[in-house]
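Student: Residues per chain, in single letters:
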Amino acid sequence: MNYHSNADLGGQDVRGAIVMEPEGELFHAPWEPQVMALVVAMGPTGLSNIDMNRAARETIPNYRDLSYYEIWLTALEKLVLQQGVLGDTPPPPKQVLRAELVAAAISKGSAFSRTPTGPARYALGQRVRTIAVQPSHHTRLPAYARGKVGIVERVHGAHVFPDTNARGLGENPQWLYTVAFDEKELWGEQHLQQRSTISVDAFEPYLEPA
Amino acid sequence: MNYHSNADLGGQDVRGAIVMEPEGELFHAPWEPQVMALVVAMGPTGLSNIDMNRAARETIPNYRDLSYYEIWLTALEKLVLQQGVLGDTPPPPKQVLRAELVAAAISKGSAFSRTPTGPARYALGQRVRTIAVQPSHHTRLPAYARGKVGIVERVHGAHVFPDTNARGLGENPQWLYTVAFDEKELWGEQHLQQRSTISVDAFEPYLEPA
Amino acid sequence: MSEHEHDSQPHSHEHAQRALSPMELRVRALEALLTEKGYIDPAALDVVIDAYQTKIGPRNGARVVARAWCDAEFRRWLLADATAAIAFLGLTGRQGEHMVAVENTPQVHNLVVCTLCSCYPWAVLGLPPTWYKSAPYRARAVKDPRGVLREFGVELPESTQIRIWDSTAEVRYLVLPQRPAGSEDLSEEQLANLVTRDSMIGTGLPGTAA
Amino acid sequence: MSEHEHDSQPHSHEHAQRALSPMELRVRALEALLTEKGYIDPAALDVVIDAYQTKIGPRNGARVVARAWCDAEFRRWLLADATAAIAFLGLTGRQGEHMVAVENTPQVHNLVVCTLCSCYPWAVLGLPPTWYKSAPYRARAVKDPRGVLREFGVELPESTQIRIWDSTAEVRYLVLPQRPAGSEDLSEEQLANLVTRDSMIGTGLPGTAA
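As they're listed, the protein sequences go chains G, Z, F and S.
FYI, in the working numbering the residues of the first sequence are 349 to 558.
FYI, in the working numbering the residues of the second sequence are 349 to 558.
FYI, in the working numbering the residues of the third sequence are 7 to 216.
FYI, in the working numbering the residues of the fourth sequence are 7 to 216.
By construction, these hints were calculated from the structure, which means they are not laboratory data.
Check each hint, because a few of them may be wrong.
Here are the in silico distance ranges between beta carbons for each label pair [stated by the list, open to error]: (1) S:Pro163 - F:Gly96: 51 to 57 Å; (2) Z:Thr463 - G:Lys532: 52 to 58 Å; (3) Z:Asp436 - G:Gly372: 56 to 62 Å; (4) S:Leu162 - F:Ala38: 44 to 50 Å.
Partner residues aside, some chain S positions facing chain Z, computed with beta carbon under 7 Å [claimed, not checked]: (5) Trp83; (6) Leu85; (7) Phe94; (8) Glu194.
Listed below are the simulated EDC-like cross-link pairs for lysine to aspartate or glutamate, each with C-alpha atoms no more than 20 Å apart in a straight line [stated by the list, open to error]: (9) S:Lys139 - G:Asp361; (10) S:Lys139 - G:Asp413; (11) F:Lys139 - Z:Glu556.
For clarity, every value in this text was computed on a predicted model and none was experimentally measured.
Where a beta carbon is used, it is the ideal one built from N, C-alpha and C, also for glycine.
Starting from the given sequences, assemble the full structure and let the hints guide the process.
Tutor: Set out below in structure tokens:
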């Protein structure tokens, strides 16, 4: 299986201005709020989970040509087809987000922390190396942070593991860490110095002792 | 300094019935609610902290003869004297709990977690031994759990350390763990089997590797 | 401070219209002193008392338990991050800043105690009952939990493991009791009515679905 | 599903009273399908849109920041356990289940990005601005933060360390900006008005005390 994410942009050579936007300017087309609300409303149905959604989005071939709400819409259309909504036996929704449930559902959210079943392998301050392998499925370790040595800065507890959750293989909770890298480790000694430190939130399977 | 706590009761041979109490029965004398409220109201003044309060309570010589609100009252009287409230320059209150601030102050509480400054020494599932020494100051490792081997069951993050906070020596945050012991480890092989496991919440300085 | 002698009278639970007792005088003297010195707003005391008499009590915890019984996602959140899940229900606060929820199952029964003083999850259960603060409970809960439970009229199967949580730091424990058999048709509100204070400490079981 | 062809028209930001655009038709078709199949309550969509247009936005985060500026204890709580501290202000929710607050100081400036998609703390900042989800920001924030900040009109001293948080999991980051000089006399509400959305992402600074 040849999985490729078109969304892994960190550090890439992307030109184009960053266009400022005033605080109240939320949408730029009348269909955009509908797409946002559809995605929110589909959450409780359990038709997909957040990691399946991200996988569906990042594998859109023309990802880079689309606006973000176009990406959301395209991915939702794709999932609706993939999950057999058009078939004879569409999967029943786990829950339908009725109008009167919206406020409570939004303010509750959906926690991703899980009771850990085993010890954290790494501790605050420890040096770790991220794995270099790019798996052929959805994952959350950015390309720019692969095979790099960093320091564990925070230990967040065990969280749902995207790599399995995105493939319907279960939540498989894993310890989650914030791992911080010096800019030189990521971009090389020749890189224009910025005095910066960059961290990613990395699940334990993404890490090895260094 | 010869510090002795009269409050460390776990596992002691205390006779007397446990007297049931219906849910709504909160007080048993008209002065009890006043004492409760005085203790709550004194919190924001910063005259003492929670660990100083506990130290003042557990060192009352006739602790075991007093009801709990008598203990609270006696300790508050003691602290008021010790902190020089009756002197010429009583320490100014950090904040006075005005009536209109009560609801917000109660619902806010006062968090004891602190940003950790170093790594946790122990991990979930690890065997640890509690220290055997009884320090000559306020501490929170019960006598029955001293010098015992247990398993780290939870890692709670760094919290204010009572041993220093009670003596005005600073918050000195330490990692906090739930450490669970088999009943035989605590009470011996001869103990009537209860099929029980007992845990304490232990700060890192109370623990050694086992 | 001549009012500070200890009340040597036997505890009286009746306080009709009569002269103030020595304890009442002692409390009034302390309150007057702290007011005069500017530490206390006397009006705040009434607000504090009212809060714990009418707003903050075990019905709050019962809401948490009933929600966990009705909503599997909330239950999972509560068990993984009780502080956040309980805060979502608006039940933050004093003596509930760091919450852990522990779940009873057919295999494991949880029991909460504070052997060193009277730590108790005020934010969800209100003020602790007298027995919780008493020497017999604190001494025996850790060593003879089955005997203690028997005093409360709770007889557990011999095969049930008992898990005792001694609240020795600032973490506060809430027991999530097993949902009563035959309660499938009850509303969340009806379920909350079955949740007793003692069932959330572990010294009792919830009521049965009538 | 014939409406599912991609909209090949250039992006139009004007939508006057006219025939429905291809994108609008496509979204309507999907909504109709999901409604017909019983996944969606169309009335819920309006409630979701209204929530993010009128209730859940950066003014919520500004409340958190202003509170932290005014209340040292709240600030400490926010930095040690942001999820709980923010929940205390009632701001729990979707895309804010696991919060971390990071503090700007004269030495360190924090910047938040999601290089892999568009992770953003909805519960406190609402919907992300378009630039936050755009390729140029996501690509360059990690590698050329000073260049990116310059585009936002922020020029930091050379000696300032830049700390970039790539939100690659379900932890969401809120920047706590430095309190503006000369703001000592402002009320909490006035302070909140100085807190811009961008200052809580790290791409801006708060307004100055006039």
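Student: Give a verdict on every hint.
Tutor: Each hint, compared with the structure:
1. S:Pro163 - F:Gly96: 51 to 57 Å: 43 Å, violated
2. Z:Thr463 - G:Lys532: 52 to 58 Å: Hint violated: Cβ distance 26 Å, outside 52 to 58 Å.
3. Z:Asp436 - G:Gly372: 56 to 62 Å: 58 Å, holds
4. S:Leu162 - F:Ala38: 44 to 50 Å: Violated, at about 56 Å.
5. Trp83: 4 Å, holds
6. Leu85: Holds: closest Cβ of chain Z sits about 6 Å from Leu85 (chain S), inside 7 Å.
7. Phe94: Holds - the Cβ of Phe94 (chain S) comes within 7 Å of chain Z, reaching about 6 Å at its closest.
8. Glu194: Violated - the Cβ of Glu194 (chain S) stays beyond 7 Å from chain Z, reaching only about 12 Å at its closest.
9. S:Lys139 - G:Asp361: 16 Å, holds
10. S:Lys139 - G:Asp413: 13 Å, holds
11. F:Lys139 - Z:Glu556: 31 Å, violated
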